[in-house]
Amino acid sequence: MHALVIGCGRVGSAVAQRLAAEGWSVAVVDEAAEAFGRLDEGFPGQTFQGHALDQDVMRAAGVEAADACVVATNGDNTNLLVAQIVDRKFGVPYVVVRVLDPVRAAFYTSLGLNVVCPTAGAIDSLAGAVLARSEAVSG
Amino acid sequence: MYILIAGGGKIGRTCATRLVARGQEVTVIEQDPARYAILEEELEHVAQYGDATEIHVLERCGIRRADLVVAVTGDDEDNAIVCQVARERYGIGKVIARVNDPRNQEAFDLLGIAPTVSPTTSVMALIEHELPEHELVSLLLLRREGLEIAEVQIAPASPAAGRAVRDINLPAGVRLISVMSGGEAEIAVGDTVLEPGDKVLAILKPGLEDLLRETLLGARTVRR
Numbered sequence: 038m039h040a041l042v043i044g045c046g047r048v049g050s051a052v053a054q055r056l057a058a059e060g061w062s063v064a065v066v067d068e069a070a071e072a073f074g075r076l077d078e079g080f081p082g083q084t085f086q087g088h089a090l091d092q093d094v095m096r097a098a099g100v101e102a103a104d105a106c107v108v109a110t111n112g113d114n115t116n117l118l119v120a121q122i123v124d125r126k127f128g129v130p131y132v133v134v135r136v137l138d139p140v141r142a143a144f145y146t147s148l149g150l151n152v153v154c155p156t157a158g159a160i161d162s163l164a165g166a167v168l169a170r171s172e173a174v175s176g
Numbered sequence: 013m014y015i016l017i018a019g020g021g022k023i024g025r026t027c028a029t030r031l032v033a034r035g036q037e038v039t040v041i042e043q044d045p046a047r048y049a050i051l052e053e054e055l056e057h058v059a060q061y062g063d064a065t066e067i068h069v070l071e072r073c074g075i076r077r078a079d080l081v082v083a084v085t086g087d088d089e090d091n092a093i094v095c096q097v098a099r100e101r102y103g104i105g106k107v108i109a110r111v112n113d114p115r116n117q118e119a120f121d122l123l124g125i126a127p128t129v130s131p132t133t134s135v136m137a138l139i140e141h142e143l144p145e146h147e148l149v150s151l152l153l154l155r156r157e158g159l160e161i162a163e164v165q166i167a168p169a170s171p172a173a174g175r176a177v178r179d180i181n182l183p184a185g186v187r188l189i190s191v192m193s194g195g196e197a198e199i200a201v202g203d204t205v206l207e208p209g210d211k212v213l214a215i216l217k218p219g220l221e222d223l224l225r226e227t228l229l230g231a232r233t234v235r236r
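Chains as they are written, first to last, in the working numbering: chain A, 38 to 176; chain B, 13 to 236.
Next comes chain B alone, as it looks inside the complex (with noise of 0.2 Å):
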């Protein structure tokens, strides 16, 4: 398995790193002289300089017989580009990016650029898991399958408080799958009530949270 990386910051060279402990065959590619001075140093032929959304760069770093290319630059456009030329141009089928401002990420669905990774929108999430008093949070999102994990709490005036899963309307498109109470997670079942506190997991089309938000827990309320 050959694997080109574009991206020689802390992610890159991590990544290459620990690949060529496992023996994979690396290419990690880097456009700023100091940043690459350390790279070579480290890692040897492995480190290449140059562009990597530069067409000449990555043939000369061998992308014709990569197997997946890795875009973790800290510019978007860049790894946007590094994905499309890899993908449409090399027909690689393995491409994955790093987003680094969520705001982009619409950018990269429109392009196709599957899978991504935002170290932001990840940290978030878990800051949010860990709050104390958390509404709803995303918590996985299935980029293939255009499904998302989200988890609810309910609060003691929430509409759902107190009633039974099956007498709660969800939105099409919704599903309950856990409920957490009291520290033990049981699958949510038509019988399953809700009580004040308890974490429930649903299932779920992104674009729906503010419904299911709102079928739980009512119009939103401002957090002081």
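The shape of chain A in the complex, shown without the other chains (with noise of 0.2 Å):
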């Protein structure tokens, strides 16, 4: 199984790390080779210095052969872009794309988009942590 990962943050580095453990052929693309920096010595996986709206870098990348697509720069447009061409053009079979801002994020899943909203998910864990907590001082 092939995957591209987009973006090799501190999120984008780990999903290709644990990808590659589980045995998948994972290719990085990223803008900035420094970014490369956050995989680990070992990692089996190959590096795209490039811009994911570029498709010159996707193809080498091998877009047309994966199986998945992991997509998650630190821009919430660029990501949503990425991840419909990455579905509509080159028709990836499973584009799953990480939205910040949460309204944007609900907007695009209904929009049928497999988005994955981090901050919804800290908003949940702070505000249920707190109530949670109120619920058993006061119970």
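Think about it this way: if two alpha-carbon atoms lie no more than 20 Å apart in a straight line, the pair counts; the simulated SDA-like pairs of lysine to any residue are: (1) A:Lys126 to B:Asp113; (2) B:Lys211 to B:Leu153; (3) A:Lys126 to B:Gly219; (4) A:Lys126 to B:Gln117; (5) A:Lys126 to B:Pro218.
The hints are simulated quantities; they were obtained by calculation from the structure and are not laboratory data. In this text, all values refer to a predicted model and were calculated from it rather than measured experimentally.
The two chains are supplied separately, each in an independent frame; assemble them into the complex guided by the hints.
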């Protein structure tokens, strides 16, 4: 199985390593070469420096043969645009995209994208922790 | 008519100023504090501070009642998302997007965002048009029709030189419109003969440029 990981930040680099550890062939794309420094020394996948809207870069990274694509750069709008292109133009069977803004995340989920919103998770956890604590104290 | 403009740089600011002068209702959204300060001084409440890709900013600026949304920031991803949200979330029928990097045009096409304006592409086409020796220049893209108008200059060695239009085996999807010869243009008909130096306008389906070039000019020559 071949996966593309777009964006090699804290999230993208860790996702790439997790997939590689599970035996996937992984190609990581990032605009900044120094971002690949986040990958472990023995990372078995490939790295491609360039922008994910550059189709030459995406083809080199094997987008046409990819089984899945994880889009997790630090820009919500870049992620949303790239995810839709990977889906519509290259027909990658499974595309999952990170969106930090919960409102945009909800809207693009309604359009049919597979959106993961860590902020929404954080809101639930933080509010939930306080509410659970107050229930425990008062209850 | 209420017009919402995302991006208060040179393009956004000038459009807003002119529209206000014509009595139109306009809001221009800018996220850079320094740029916003300049805008606000000039346009007062017409300028709004914020990230136009954030839905609460769009709503504060009244996107629900906008008739036209124009995305002219310096960031293509932002422009694409503003237009997509405007159209698909708020049902805005008319959007206009700026494409900063012509290589991103296909991304806008894939999302169905039209019309788009690319200053780089326009300037480049005009420059090519002015070059004394040009082969094929795309002059106008009729995006809605899916057609393009291009100009080809016939060279002495071109296979089409000295031949009448009816004797030229044009590819399907290409028609010649007119021939400019010695400063005068004629509608291209079957009898029209193409001479070296003539500038021929053609209408064609985008993607057939190379075929048209080959038919009229022969195999591509290396320009020195």
